[in-house]
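2 protein chains.
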Amino acid sequence: MNIQEDCMSRAMPQHAYKMGIATHQEPLVYMRTDCAICRAEGYTANTRLQIKAGSRTLIATLNTVAKEILPPGSIGFSDSAWEFLALTQGQAVTVHHAPQVHSLSALRKKIYGHTLDTGEITSIIRDISRHLYSDIEIAGFISACAGGRLNSAETTALTRAMAQIGNQLHWPEHERVFDKHCIGGLPGNRTTPIVVSIASAAGLIIPKTSSRAITSPAGTADTMEVLTNVDLSLDRLRKVITRTGACLAAGGKVGLSPTDDLLIRIERALDLDSEGQLVASVLSKKMAAGSTHILIDMPVGPTAKLRSQKQAEVLAELFRVVAEALGLNVRCVMTDGTQTIGNGIGPAEEARDVLSVLRNESTAPADLEARALYLAGQLLSMATGADEAQALQQAREILHSGQAWIQFRAICEAQGGLREVPIASHHIELRSEYAGKLRSMDNRRLAHLAKLAGAPSSPEAGLRLRVKVGDSVEALQPLATLYAETPGELAYAREYFHENRDLFELSPATSPLPATEK
Amino acid sequence: MNIQEDCMSRAMPQHAYKMGIATHQEPLVYMRTDCAICRAEGYTANTRLQIKAGSRTLIATLNTVAKEILPPGSIGFSDSAWEFLALTQGQAVTVHHAPQVHSLSALRKKIYGHTLDTGEITSIIRDISRHLYSDIEIAGFISACAGGRLNSAETTALTRAMAQIGNQLHWPEHERVFDKHCIGGLPGNRTTPIVVSIASAAGLIIPKTSSRAITSPAGTADTMEVLTNVDLSLDRLRKVITRTGACLAAGGKVGLSPTDDLLIRIERALDLDSEGQLVASVLSKKMAAGSTHILIDMPVGPTAKLRSQKQAEVLAELFRVVAEALGLNVRCVMTDGTQTIGNGIGPAEEARDVLSVLRNESTAPADLEARALYLAGQLLSMATGADEAQALQQAREILHSGQAWIQFRAICEAQGGLREVPIASHHIELRSEYAGKLRSMDNRRLAHLAKLAGAPSSPEAGLRLRVKVGDSVEALQPLATLYAETPGELAYAREYFHENRDLFELSPATSPLPATEK
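If you read the sequences in order, they're chains W and E.
Quick note, the first sequence lines up with residues 993 to 1510 if you use our numbering.
Quick note, the second sequence lines up with residues 993 to 1510 if you use our numbering.
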């Protein structure tokens, strides 16, 4: 039998139907197994489909539905698919087999351990940005690039490809535009709002956008969102910077290097944050924001993200090589990452620490202030060429005179107003079993504890540390307060603490209390 | 505020509700965003949950539903989740946060490029087999192990871990138990049913189970399923082998190395089939089946899975090292992989070729017969120690005397009866534009063409080649017949052929026909 060229039902429009199913970001569509199109086209569960609605196109994974949860002649959409296509109920859409995604052969080449050229990397990033990759395929890309398997040329290509997709800011009136970034892994290390306030009070242009947390209990964007509006449009962002010299916004909605967000979602699911991806993620955002001079803070410590000086040097070298290839000026500084900075972990608790430093309160955590001043000094010395001691002194004067606090409020006002820090619904004290001296704290497990309590999706969730390394601790003395928005999360986090009491290491270990008093 | 230990709602039973949504294998559960448990526990889209129903436990990913598609107090299940838990409508189930999956830290270690020890690999495989990994996490594992990044010790550990989970066959009465496996990548290379028939007719024990296709248009199991029942229980399989000395079954339902099937599903989605995984996949099935002597057929050719002699030697060496560590006897033979074997591609078309060889029909593809005889001869020489020429002669006599055909029918009868090969609903001829001599065919693109037509999920879909390399071809002469079960798939595959006409390379290229006659 011969078939006619145009007998295919696949272009026959279907009616859009909102399923009311939230699937996080992966777009899903639903069709009835008994529908003519599924049968004629051989669509089955997990088939990748291309949906066209007006001028918009989406590639989504099919789930087939057997029962009457979908009216005949309709195609159902998950919430994210619905939003991406900006659909209205009943709107006509057409369904096709997803086109071949040519860059997938480059992906497989990378998975097999080969080096990719600029064109191949660009094609992968372009196709990811167009939502042509499934979650499984993005996971393959992330995993294949981890463990130092992206070389500096590949990382450069990745950075440029990511920076060139989405929005871009340009600052023709400014020769030098500044930014700072912390590699993370150190809970509570929330210096950015302080550093940005000091630097912009000193006259630097610093268009700072931050990610939300990847694997940590709070990113700077999560912390700033407790204090003000961080989801700015590109226009609004530009106005805030023009008015104040700076901003403290979330990267998400501004659309600077938006592909990064698609990658980060899968990195988060895998709890991974690899070198090449990290450099590309950081520098692509800065490039797209129009920055030219970037300070990279690299905390080094046994339980920080960078565990050794050597590991930090390898990363710093990759930053330098890639930055040079892209015409950016980068300074990497290695800082102490042996313990948490400040006393709060989690968005709201970290916001409290930031405010107390900016307000020069006597209870402000001294370590957070010292760290912020050091970084602000580094930025000022990059800008003015002053020696580091002079620049540090200038930063200190700006903070202690209250200029930084005035500047911080100006930025928050420009972004939509300064908010009160909220208080968590539930909390308990985490107490020591023993008396002794606090020898160390495990940053990773502290971060995990705060995440189990609900941070960062519940901004009030997290920890407030009540002790510092070196402190003497009595038996039953509170080591930290644990905050959560739900009793379930609080209990879940507490259970983890009880199984991981050694995350606070006391020395010398004296005999534990009788079991009944624990 | 302090909360009581037992105030949590998370153990409160919910009623199971079958959503009627097919999601392929990834288990999904659905809960209403407005339900008390979601709110109290902080469950959101993509949260991993542990569901208990009677004595069964499942880890599944949550999708939240906003509308009335789920009755209050209910938790919805995708089809695969429903089946895994063997639920009945309204059955009480309990929902918890998924427990920490400890082996995920070993997974990240592997992704970061480190070597895993036996315990770490065993823990990953055990957790995958318990359905504790999401698709994204399995994709990370597959990708991290590809590209030669599993060393031989890791591959040995992986093989043993996979073989030890699930069912196992033991053959205490037989000192030597045989098997054969083809590395694949060569469409139509369906020698197994012929080789197994010859070898078992000669008295060898050969408990052959086959995978379905991973990245090809048909696996041996897909082809055999056209001819007989291949989904046997372990008991039935044992009986078939005891009666006939062999079987030609699918690996799936027998439960030999079942974790392999969970990995293969994601390898298929990524269109990947890497070295270490491949060796572990093959040898774990053979070990679990109780085999001791295994012949590995390695077709080498520019468009086969193994593209060079060197690549084949590396793989053969890995097979030998791992087999030795596991106490198995492996012989690897490299065969010609420059063109397809037989004339059919796709389950039904390959089955036709197999039958014609076994029946000694004059139209039987000579290349398929020669290949099958060569491999059967190798197996017989492994068994008897006879030299290869003698063993080949023995294999030829068994085939040409009709003993192999009798044995094949006996195996099919024991498995449930021999079936007629079905005929596809739709077909078209793929014709040459030019006259010329056929210089080469691209195996990979031929395989892709058959897959676009619907193979292997539609067993009738695929190709029948009408020409061989070296043949002279007239303009408009059919090069192949394309079969499909739906007009959509037929048109889709034809479109690909028109964009990829050079997959049949003709030489010398004479001038094309005028456009109107194409």
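Any given hint could be a false lead.
Simulated pairs of lysine-lysine, DSS-like, Cα-Cα distance not exceeding 25 Å [what the hints assert, rightly or not]:
#, chain 1, residue 1, chain 2, residue 2
1, W, 1429, W, 1460
2, E, 1460, E, 1429
3, E, 1044, E, 1302
4, E, 1245, W, 1302
5, W, 1010, E, 1010
6, E, 1231, E, 1245
7, W, 1231, W, 1010
8, E, 1044, W, 1101
9, W, 1245, W, 1231
10, W, 1302, W, 1044
11, E, 1044, E, 1010
12, E, 1429, W, 1101
To be clear, the hints were calculated from the coordinates, so they are not data collected in a lab.
Each hint tested on the structure:
1. W:1429 x W:1460: Status holds; Cα separation ~10 Å.
2. E:1460 x E:1429: holds (10 Å)
3. E:1044 x E:1302: Measuring from Cα to Cα gives roughly 51 Å; hence the hint is violated.
4. E:1245 x W:1302: violated (50 Å)
5. W:1010 x E:1010: Distance of about 20 Å is within 25 Å: holds.
6. E:1231 x E:1245: holds (15 Å)
7. W:1231 x W:1010: violated (37 Å)
8. E:1044 x W:1101: violated (41 Å)
9. W:1245 x W:1231: holds (15 Å)
10. W:1302 x W:1044: Violated, at roughly 50 Å.
11. E:1044 x E:1010: holds (15 Å)
12. E:1429 x W:1101: Not OK: residue 1429 (chain E) and residue 1101 (chain W) at ~33 Å, beyond 25 Å, violated.
In summary, the numbered hints that this structure violates are 3, 4, 7, 8, 10 and 12.
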